[in-house]
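Please put together the full structure from these sequences, using the hints given.
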Amino acid sequence: MEIHARRVGVTGPHGPVLKPTSLLVKPGELVLVAGPPGAGHTALGLVLSGRMRPTTGEVAPSAAELREHVVLVDSPDVSEPEAALSLAGVVGEELAMNGARSGRKAVADWLTERDADAYLDHRFEQVPAATRCALMLDLAAGRPGARALVLDSPDRYHGDPAGWWELARRHVTPDRSVVALCTTTTAAALGTVPAARIGADNVPEESE
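Residues 311 to 518, numbered by the numbering used here, are exactly what the sequence shown covers, in order.
Be aware that a few hints might be false.
[Unchecked claim] Have a look at the derived ranges for each label pair, beta carbon to beta carbon:
| # | residue 1 | residue 2 | range |
| --- | --- | --- | --- |
| 1 | ARG414 | THR366 | 44 to 50 angstroms |
| 2 | ALA374 | GLY413 | 29 to 35 angstroms |
| 3 | HIS314 | THR495 | 26 to 32 angstroms |
| 4 | THR365 | PRO484 | 31 to 37 angstroms |
| 5 | ARG411 | ASP470 | 31 to 37 angstroms |
| 6 | ASN408 | TYR467 | 21 to 27 angstroms |
| 7 | ALA428 | LYS336 | 34 to 40 angstroms |
Rather than coming from a laboratory, the hints here were simulated on the basis of the structure. Note that beta-carbon positions come from the ideal geometry of N, C-alpha and C, so glycine has one too.
Right under this line is the structure:
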């Protein structure tokens with residue numbers, strides 16, 4: 311599924327939340343999108359996943375189709391699991407949403423397959439960053455009909471950008487894209503990875 315945002319912007323009660331941003335995401339692509347803190351990472355993620363209508367601009371396909379096929383992963387104050395919940399509770403809830411078995415044994419087996427069973431009863435906030443990111447991406451990829459994953463600000467808790475970038479890369483398939491939203495500082499730390507910019511026209515042919 312191709313996602314095409316054309317100068318999408320969001321204005322809140324106190325002013326702009328997301329400056330007009332153009333972005334094209336094609337099937338099978340891994341896309342890095344960067345902006346300074348407060349640039350509207352989550353707002354862009356909500357627009358790209360069909361969960362927020364932009365104030366300006368437009369995004370295709372329709373919001374209904376985006377909601378069906380785009381998963382917003384671990385987004386602060388949106389899809390981020392409650393910190394005090396146990397990992398077992400978080401995984402059980404996500405597996406149930408995916409239509410999979412979600413009892414305690416099923417959860418334990420799922421975590422064992424990913425070498426994360428040691429954290430079964432840990433509070434979610436106590437799960438190591440790399441494990442947390444890997445599990446949330448795995449659960450998102452298991453959502454029926456998922457054709458795109460939008461990973462929102464993993465650098466807020468994951469200190470190694472190369473680590474979460476590689477985790478994101480592993481979930482790209484010929485039919486599934488991954489968009490990772492991060493700060494400009496994090497994008498610079500990734501070095502040679504080209505980054506689209508929040509608040510910019512990242513589809514040059516649109517301005518011709």
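**Report entry** Violated hints, by number in ascending order, as checked against the structure
**Finding:** none
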